[in-house]
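Trainee: Protein chains in written order, with the numbering used here: chain A, 182 to 442; chain B, 186 to 512.
There may be inaccurate statements among the hints.
Okay, the calculated beta carbon distance ranges per label pair [unchecked claim]:
| # | chain 1 | residue 1 | chain 2 | residue 2 | range |
| --- | --- | --- | --- | --- | --- |
| 1 | B | 299 | A | 215 | 26 to 36 Å |
| 2 | A | 303 | B | 455 | 37 to 47 Å |
| 3 | A | 266 | B | 483 | 51 to 61 Å |
| 4 | B | 263 | A | 215 | 36 to 46 Å |
Pulled from the structure, derived: some chain A residues nowhere near chain B, Cβ distances all over 10 Å [to be verified]:
| # | residue |
| --- | --- |
| 5 | 276 |
| 6 | 290 |
| 7 | 302 |
| 8 | 303 |
| 9 | 305 |
| 10 | 306 |
| 11 | 310 |
| 12 | 315 |
| 13 | 333 |
| 14 | 339 |
| 15 | 400 |
| 16 | 421 |
| 17 | 428 |
| 18 | 433 |
| 19 | 441 |
Derived list of chain B stretches under chain A, where covered just means 3 residues or more per stretch with a C-beta under 8 Å from a C-beta of chain A [said to hold, decoys possible]:
| # | stretch |
| --- | --- |
| 20 | 393–400 |
| 21 | 492–498 |
By construction, these hints were calculated from the structure, which means they are not laboratory data. Cβ coordinates follow ideal geometry from the N, Cα and C atoms, glycine included.
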Amino acid sequence: MKMRSFFPVRFCLVNLILVSALCFLFASTLNGGDREIGGYVDRAEDRFVRNVWNFIKNFQGFQNIGSHRYQEVQYFWAEPFEFDSDHQDFVDKMDVAYVAAHGSGYYIQTNKSTSTGVDLRNCPAYGDLTNSGDLEFLIIESCNTVASAPEAPASGDWWTPWTKIFQGLHQVVGFRTLSNSDNGIPNRYANKLKGNGGVWQSWFDAVNEERSYSSYVNTDGAPYPGYASAVMYTTTEEDRLGSYAADPDGGAGNMKTWWQY
Amino acid sequence: MKKVLFAAIVTAALVFQFSCKPKGGGSSGDENVYVYSFARVGILSPDDSKKMVEKFLGTTDTGPLYKSAENTVYFTSKDDVTATFEHDLDTGNFTFNKGMKKYLGDYAPRLPSKDAAIKATEDFLSKNELLPKDRSQLKLVHFGGIRSNSVIDGKNAGPVTDKLVTITYGRVVDGLPVIGPGSKLVANVGEEGELVGLVHRWRELDAQTKKQVQREEMLSQQEAEEMTRRQIQHEYGQDISYKILGSGKAYYDNNGKILQPVYTFETEIKLKDEHVKPFTYLCVIEMLKQSPEPLQLTAVDPKAKELIKSIRRGEQVPSAPEKDADD
Numbered sequence: 182m183k184m185r186s187f188f189p190v191r192f193c194l195v196n197l198i199l200v201s202a203l204c205f206l207f208a209s210t211l212n213g214g215d216r217e218i219g220g221y222v223d224r225a226e227d228r229f230v231r232n233v234w235n236f237i238k239n240f241q242g243f244q245n246i247g248s249h250r251y252q253e254v255q256y257f258w259a260e261p262f263e264f265d266s267d268h269q270d271f272v273d274k275m276d277v278a279y280v281a282a283h284g285s286g287y288y289i290q291t292n293k294s295t296s297t298g299v300d301l302r303n304c305p306a307y308g309d310l311t312n313s314g315d316l317e318f319l320i321i322e323s324c325n326t327v328a329s330a331p332e333a334p335a336s337g338d339w340w341t342p343w344t345k346i347f348q349g350l351h352q353v354v355g356f357r358t359l360s361n362s363d364n365g366i367p368n369r370y371a372n373k374l375k376g377n378g379g380v381w382q383s384w385f386d387a388v389n390e391e392r393s394y395s396s397y398v399n400t401d402g403a404p405y406p407g408y409a410s411a412v413m414y415t416t417t418e419e420d421r422l423g424s425y426a427a428d429p430d431g432g433a434g435n436m437k438t439w440w441q442y
Numbered sequence: 186m187k188k189v190l191f192a193a194i195v196t197a198a199l200v201f202q203f204s205c206k207p208k209g210g211g212s213s214g215d216e217n218v219y220v221y222s223f224a225r226v227g228i229l230s231p232d233d234s235k236k237m238v239e240k241f242l243g244t245t246d247t248g249p250l251y252k253s254a255e256n257t258v259y260f261t262s263k264d265d266v267t268a269t270f271e272h273d274l275d276t277g278n279f280t281f282n283k284g285m286k287k288y289l290g291d292y293a294p295r296l297p298s299k300d301a302a303i304k305a306t307e308d309f310l311s312k313n314e315l316l317p318k319d320r321s322q323l324k325l326v327h328f329g330g331i332r333s334n335s336v337i338d339g340k341n342a343g344p345v346t347d348k349l350v351t352i353t354y355g356r357v358v359d360g361l362p363v364i365g366p367g368s369k370l371v372a373n374v375g376e377e378g379e380l381v382g383l384v385h386r387w388r389e390l391d392a393q394t395k396k397q398v399q400r401e402e403m404l405s406q407q408e409a410e411e412m413t414r415r416q417i418q419h420e421y422g423q424d425i426s427y428k429i430l431g432s433g434k435a436y437y438d439n440n441g442k443i444l445q446p447v448y449t450f451e452t453e454i455k456l457k458d459e460h461v462k463p464f465t466y467l468c469v470i471e472m473l474k475q476s477p478e479p480l481q482l483t484a485v486d487p488k489a490k491e492l493i494k495s496i497r498r499g500e501q502v503p504s505a506p507e508k509d510a511d512d
């Protein structure tokens, strides 16, 4: 009887020690603050390779930012399925996705030679809320994709086209006008983020720092390198990579846009 | 018939002249161009940066500063994500934002008029000894700002709010514009003329190092135009159409040691993807045949192409290897 009662206790203790040791080992390789970064390149000019690389090269290996650490884990030629049908394995598996592409309002080109791309108005919801995604921040270095209030129809409704992909997504950042890439923006932006700067604020600063004297203005009237824009929620406008707000509820409530002019 | 032919030739000549006319404050004339060295900046350390944080942001609580591979240090306030400072320890260039926390939300600041914003900016620059020594090099090139708009009750657009005024100054040297990442001042002006943020990328030129570029040392306009065509074809491939909208000369400040002359070609590119509107591509060609500091604006890091992966739908997504941190 003694033995019977003794063995289970000893068995439990051994198990407890083993489980504790395994938990300790597991916890030492995984960190609750680990975050993933993906880069996606339009199969077009080399400058899009340069743009994405100049961002993600700053996240080769874990980088500590505030209470989180970030690492580039995906670097792919862009394909439509990475944004729509298989988004949970690609952009929506990331915490931060950086895309460089040709673009137009809500559109991201993925392959120039086949004129293929995705329209974000038709993409599934990104973020943690409905589709088991993860994406918090989508950065799009392209012309026109991040349409803001000035691009809205007369009704002023700039938000409806964005509500579909915002289901836990915190911010989309990019340009509302034509933009000139192949410059210092991606590298500087990455370093501002590593310095724990605000997600959209760092983007706006990086764009401003590239503006230089030229009476060359793009054909839409925006000066080099274009006007930045961002879509987010009032609750997420102070987000940075080192600490950010709880996932917003999604939908149009409290949605907000910032833009340069 | 002869009259029609003559008119067509004249029209074509005018169109050609117009399409190649210099723009951008630059010139395709025969003005002399030079190579300048920037005045040396003393040795800077993060301690110098911390002093500047205290001066411009009013805080000594910086903690350790993050330093990038480019020897630039970054500070962001732990209490206010909009209060930032960064300092290039090689060039002395810096950017700061004093914090615009109060400008977030629905707050509608009382912003100054254009003239008042310019005066406030120039007063700040003067008071802090940040104005260029040669004021004639300073040129206001853009006046704009930042706006926001929120959705009310999930249904209606709230008022458009002007949050900040943004003033951008560029640089003119020898009558030519200076382009590139350096040589600019960008100010964000807020409530009643308060200077909220500043990009200060301005180094004085060392006049003693001014060296005239001899004709045999530089590419001709024609050679540069040919390089532009080759660059566009290399970058964009054959299945596009493009036209050169204008060309000129400029100086390029690449945040390096010298200021050097370049040709600029503003081009319009049209893709066959109908989703993408025609867009402008600014092609910069070094004017010097042998630049002491090549710009390498279109060089690709071999790693950038080596590491990029292709994947087809349904293929197993490769797992991310554990990498060692590079800094």
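Trainee: Evaluate each hint against the coordinates.
Mentor: A quick look at each hint next to the structure:
1. B:299 x A:215: 26 to 36 Å: This hint is violated: roughly 48 Å between Cβ atoms.
2. A:303 x B:455: 37 to 47 Å: violated, 25 Å
3. A:266 x B:483: 51 to 61 Å: Violated, at about 34 Å.
4. B:263 x A:215: 36 to 46 Å: With a Cβ separation near 21 Å, residue 263 of chain B and residue 215 of chain A fall outside 36 to 46 Å, so the hint is violated.
5. 276: Answer for residue 276 of chain A: holds, closest chain B Cβ roughly 13 Å.
6. 290: violated, 6 Å
7. 302: holds, 12 Å
8. 303: holds, 13 Å
9. 305: Per Cβ check, residue 305 of chain A is outside 10 Å of chain B; nearest 15 Å; holds.
10. 306: Holds, since 16 Å exceeds 10 Å.
11. 310: Holds, since 16 Å exceeds 10 Å.
12. 315: holds, 14 Å
13. 333: violated, 8 Å
14. 339: Non-interface label fails for residue 339 of chain A: nearest chain B Cβ at 7 Å, not farther than 10 Å.
15. 400: Violated, because the least Cβ-Cβ distance between residue 400 of chain A and chain B comes to about 6 Å, which does not exceed 10 Å.
16. 421: violated, 5 Å
17. 428: At roughly 17 Å from the nearest Cβ of chain B, residue 428 of chain A sits farther out than 10 Å, so the non-interface label holds.
18. 433: violated, 4 Å
19. 441: Nearest chain B Cβ is 6 Å from residue 441 of chain A, so the label is violated.
20. 393–400: With 0 residues close enough to chain A, the hint is violated.
21. 492–498: Result for this restraint: holds, n = 7.
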